Amino acid sequence: MSEPILELTGLNKSFGPVHVLHDVDFTVRAGEVTALVGDNGAGKSTLVKCVAGIHPMDSGAVHFNGERVSISGPRDAADLGIEVVYQDLALADNLDIVQNMFLGRERGSGWLLDEAAMEQAARETLASLSVRTVKSVRTPVSALSGGQRQTVAIAKSVLWESKVVLLDEPTAALGVAQTRQVLDLVRRLAEQGLGVVLISHNMADVFSVADRIATLYLGRMVADVSTRDVTHAQVVELITAGRSGDLGLARPENATV
Amino acid sequence: MTSTPTAGARPDEVRRHNRTALLRRLHVGGPCTRAALAIELGLNRSTIKALVDGLAESGVVSERVPRARSGAGRPSLLVLPEPLAAVVLAVDIRVEQVAIALVGLGGQLLGRDSWNLRGRAGEPAEIITRIIESTRLLAEELDVRMVAAGVSVPGVVRRGDGYVHEAPNLKWTDVPLGDRLTGAFGVPVRVGNDAEIAALAEHLRGAAKGSLDAVYVAADIGVGGGVISDGTTLRGTAGYVGELGHMVVNPDGRPCYCGSHGCWETEVGELALCRALDLPEHSPRGVVVAELRGLTATQITTTLGDFTRWLTMGLITIVNVFGPELVVLGDLFTALPPPLVAQVATTIAERSLVSRAIGGTRLVTSTMGTDAKLIGAAELAFESVLDTV
Chain D
1 MSEPILELTG LNKSFGPVHV LHDVDFTVRA GEVTALVGDN GAGKSTLVKC
51 VAGIHPMDSG AVHFNGERVS ISGPRDAADL GIEVVYQDLA LADNLDIVQN
101 MFLGRERGSG WLLDEAAMEQ AARETLASLS VRTVKSVRTP VSALSGGQRQ
151 TVAIAKSVLW ESKVVLLDEP TAALGVAQTR QVLDLVRRLA EQGLGVVLIS
201 HNMADVFSVA DRIATLYLGR MVADVSTRDV THAQVVELIT AGRSGDLGLA
251 RPENATV
Chain H
1001 MTSTPTAGAR PDEVRRHNRT ALLRRLHVGG PCTRAALAIE LGLNRSTIKA
1051 LVDGLAESGV VSERVPRARS GAGRPSLLVL PEPLAAVVLA VDIRVEQVAI
1101 ALVGLGGQLL GRDSWNLRGR AGEPAEIITR IIESTRLLAE ELDVRMVAAG
1151 VSVPGVVRRG DGYVHEAPNL KWTDVPLGDR LTGAFGVPVR VGNDAEIAAL
1201 AEHLRGAAKG SLDAVYVAAD IGVGGGVISD GTTLRGTAGY VGELGHMVVN
1251 PDGRPCYCGS HGCWETEVGE LALCRALDLP EHSPRGVVVA ELRGLTATQI
1301 TTTLGDFTRW LTMGLITIVN VFGPELVVLG DLFTALPPPL VAQVATTIAE
1351 RSLVSRAIGG TRLVTSTMGT DAKLIGAAEL AFESVLDTV
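Line by line, the protein sequences are chains D and H. At position 143 of the first sequence the residue is numbered 143 (the working numbering), and the sequence of numbers has no breaks. At position 297 of the second sequence the residue is numbered 1297 (the working numbering), and the sequence of numbers has no breaks.
Chain H with its partners taken away, still in its complex shape (with noise of 0.2 Å):
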């Protein structure tokens, strides 16, 4: 919205606002009666009506009598989403693979591609050209258009126009990402950091629906954070938040390509599980996977005792900054053994001041496993074209 707070809204663009506001309720919390959408947005029925109406013949949602009926009367009808109205492309550039996905309104994955970087194909070029190329032939397929991107890149991304600084474990520097998409898929195209998209993905979808200050970590090769509070994701300054991977826990530890040393993922990064679980270095993650899940009780104690002590410590430091009410792990995190994350939080519980304050801060393992990223590019893409469906 353009007015400011001294300045009156004219009728037709508080009428766009509520229209943007029950679709993103739609495209969020999936199908709803007009009843609970009068109820939720607080508008009057005959308001939810003309939009709905409104709505439904341009195509974009549909109507529906409901399956199950509750109580007497007419019942009101079930609006839903028409997936194929919005088609976005979601892309999750990671260090060893790439995957893309079309999603429709309302979350739902039209189709999906992926694909191993190995040797050459890990370049910007290559990696730029392999998308344009794959998503084309995937909205082939699927026989849609799509009308935005959103991709999510493990690095320091500057949030205007996607120019990603710099990516280290992909050994990127400098790559204007964005501009180079939107000059191929001619639709707009917004880049962000790995672990804040993430976030946004646990906030909307997963396991921190609803939660208004929640802080995600991930483990791939490096370990990032996203951070919500009050709601909304926090930045910082142009947008560089999330590094929670570089804290240094450690000082005497191992040098970390950032140029510090002793970062915490160093010490709880897929590397560091790596050696933990005495398997060589870059191992495919299904097989540090399948290690995990291999593990007896014994085992989770001796071998992963290192690991679970710095994973501890550094998430104690994160809920003492932060001060959320709830910890989610995701990525690799997710095949962590549950006895062990149980320990985890117990211990932060017992020693973090800020969870005693607040009355515990809960720890959760994703439910989204390696999609949180994907379904996070996707939201990243929808922020932009909600208002103009």
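One chain only, chain D, in its complex shape (with noise of 0.2 Å):
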């Protein structure tokens, strides 16, 4: 068994006085699901900042692929293969799906654009999607719907031949019929060998699609765990109370009535 593709440790964020994330570890193995759930202000979007290098840790040693590295921007995660996904659709409404798919890494020599290849290519990573839903890589973003848009910025990422895809709620947006096909291009990332990250506040997308669930609580990493052996009742109780059984944070020995 080879190393996780990414592994954080002892991973501190504050943010003035207040102290975000407290000596999180958080690990990504290649080629499964592992949510990430915690309640409103947990840290998870803070958390995926950081990866992202939009956030500058405080603390903690990043791995990547078994090799010390340092995130000190979004240039620097994006070289190394992690994408961001998020859940506000962060897409150029005015840009068709090509332009979107290649902005800021446009292909092409000086002046002119080689927008053959790009279509090409933009095609090409849809089809081995099998995302045949979208029309024509040429229709204007703002023409899509809300899953469709949610298609495009994942497809992004495996055109980049992305090793890490971070998705923050992907599906907050959209109804159900589009969660559900959103979920299984999540899914079938995954099983391309990406590693992946869902972060869901849905219980029932996080265990239709989750290999691991890793639950963050008040800032603090309780609970990382394998899909199989917990029920929704459990995931909902890490969440809530930080602890379930004997999973999570450990019971203080005398707690006051």
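Simulated from the structure, these hints should not be mistaken for laboratory data. Take these hints with a grain of salt, some might be off.
[Claimed, not checked] Examples of chain H residues toward chain D, derived with CB under 7 Å:
no. : residue
1   : 1112
2   : 1113
3   : 1114
4   : 1115
5   : 1116
6   : 1117
7   : 1139
8   : 1141
9   : 1290
10  : 1293
[Stated by the list, open to error] The calculated label-pair distances, taken between Cβ atoms and stated as ranges, are:
no. : chain 1 : residue 1 : chain 2 : residue 2 : range
11  : H       : 1183      : D       : 113       : 53 to 59 Å
12  : D       : 226       : H       : 1259      : 28 to 34 Å
13  : H       : 1258      : D       : 226       : 25 to 31 Å
14  : D       : 25        : H       : 1183      : 46 to 52 Å
15  : D       : 231       : H       : 1360      : 27 to 33 Å
16  : D       : 236       : H       : 1171      : 24 to 30 Å
17  : H       : 1064      : D       : 61        : 56 to 62 Å
18  : D       : 226       : H       : 1254      : 20 to 26 Å
19  : H       : 1252      : D       : 224       : 36 to 42 Å
[As the list claims (entries may be wrong)] The calculated DSBU-like cross-link candidates involving lysine-lysine, where the alpha carbons are at most 30 Å apart (straight line), are:
no. : chain 1 : residue 1 : chain 2 : residue 2
20  : H       : 1209      : H       : 1049
21  : D       : 135       : H       : 1049
22  : D       : 135       : D       : 49
23  : D       : 135       : D       : 163
24  : D       : 135       : H       : 1209
From a predicted model like this one, the values you see are computed outputs, not experimental measurements. Glycine included, every Cβ here is placed at the ideal spot set by N, Cα and C.
Since each chain sits alone in its own frame, please combine them into the complex, following the hints.
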């Protein structure tokens, strides 16, 4: 068995006096969907933004593919092969699918963009994910449905041969049917051998795709368990109380009633 | 066709036959010019025109002037199947997950869904309920109405009514799957063995396209195979062919759930691969794929040495028994490192006398990956609807 693709150890992050993440350990394995769950304010998004290089970490070590790395900006994360898909469908509305997928990394030489090559690559990527719901890759993104936009955002990470994809509530803005199609895509990403992190509030979503569930509670990683070993109720307890039976935070020895 | 060879065919029957043949050609082969259709089907141009006009009128095909012209003269019109003219449901029930897709005429996947099976979710009633619910949701979202359904099951299935006798890896016995789904959807439902269905997909749209004698071998938790012999699927009595994974290769091997010992799938199935790679059994598929991709050349020979030997041994037997010109490796086998596949192919060419006799059986990996069963299930459904669209 090889090293985890991404491993964070002892991560701390404060915003001024607010200590958001306390000694968080987090691992992502290639080929697995790891769900990152937790209540509002538990630190899920902060953790993702630290990995993506948006927030600098106060302390902690990052190992990528077994090697110690430092992520000091979004560029570093992208160079390592870490891609983030945000819940607010972060695509440029006025551009078409191809332009969005290549935004900031356009192909071509000098003044001239190689439109044909980019269009071809975009089409092949969508086909490799068997995404055929999009009629033309030259459709402006503003004309796409929420599910299709999220699909394009996810396909982008495949196009750039990312190793790890972090999805911050990719289905929060979608209806039930579209949510399912996006989750199906998420699962197929992992089956291709990518490490996938899915942040979600929806337990049904988590249980239908995730292989492992990592729970944050008030900035602490309280459990990292296989989906096989836990029930819905246990995960909800972990999210709300930080413990469930033997899982999670240790019970205080002398609890005051 | 109902006519027997001795009875003459009436003109309307001939017309109907030609219409179905033309539709099947467009469905499987994709867009095609009228001129090419006439040549391929061996029909008169005016017959083709009449058929295409009829189909276009009922909205099953559309016609367009081709973008790239060849030669002088008036360009022949390109005939395209209309995906929404006939939409079928494809269901792929696997050991650890279920996938569904709505597929349009021409084989276009219109939308899909899938979910993991864990604990109670694996019970037949749960699976059937979820399939029905998810399909309704997907059909509503895409705003389509389906006309038939095809289902792939890893087990022994009665063709007539889709009754699943035994699907051991799912722990199913005697499930009237076909009846339950027909009752819920009100459309014809056909159920088939997964390997046979995937072989159909490979034969129609994949690596075995145009090959008359081919064997498809795929690994999931179990290992199964489908045989295309002389251009059609080899079925055996009541359609129970396909348990290639239960060839006994190692009499001293591990016990298999089928009651035997040392079946081929206990040596080359997903669990065997997990053991060889030192992963926990039932690791997620992606983990196995990632692990295989990360292997170096020396690791391939050391960690997968035994696996390669068993794979080769089984494949040699298969080639010797069925004499295919092509063997397609599917599903998890598509993730095997290319050097390993090349080595297996070389050994087969050396050791199999049938392969030597027919000038070398080719060994290729499927390009459909894990979707072969889903695509095949759609084709199974289309088989019954092309003559009624």
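How the hints compare with the structure:
no., hint, in the structure
1, 1112, "holds (5 Å)"
2, 1113, "holds (4 Å)"
3, 1114, "holds (5 Å)"
4, 1115, "holds (4 Å)"
5, 1116, "holds (6 Å)"
6, 1117, "violated (10 Å)"
7, 1139, "violated (9 Å)"
8, 1141, "holds (3 Å)"
9, 1290, "holds (4 Å)"
10, 1293, "holds (6 Å)"
11, 1183(H) / 113(D): 53 to 59 Å, "holds (56 Å)"
12, 226(D) / 1259(H): 28 to 34 Å, "holds (31 Å)"
13, 1258(H) / 226(D): 25 to 31 Å, "holds (28 Å)"
14, 25(D) / 1183(H): 46 to 52 Å, "holds (51 Å)"
15, 231(D) / 1360(H): 27 to 33 Å, "violated (54 Å)"
16, 236(D) / 1171(H): 24 to 30 Å, "holds (28 Å)"
17, 1064(H) / 61(D): 56 to 62 Å, "holds (59 Å)"
18, 226(D) / 1254(H): 20 to 26 Å, "holds (24 Å)"
19, 1252(H) / 224(D): 36 to 42 Å, "holds (40 Å)"
20, 1209(H) / 1049(H), "holds (27 Å)"
21, 135(D) / 1049(H), "holds (28 Å)"
22, 135(D) / 49(D), "violated (33 Å)"
23, 135(D) / 163(D), "holds (28 Å)"
24, 135(D) / 1209(H), "holds (26 Å)"
Of the numbered hints stated above, those contradicted by the structure are hints 6, 7, 15 and 22, listed in ascending order.
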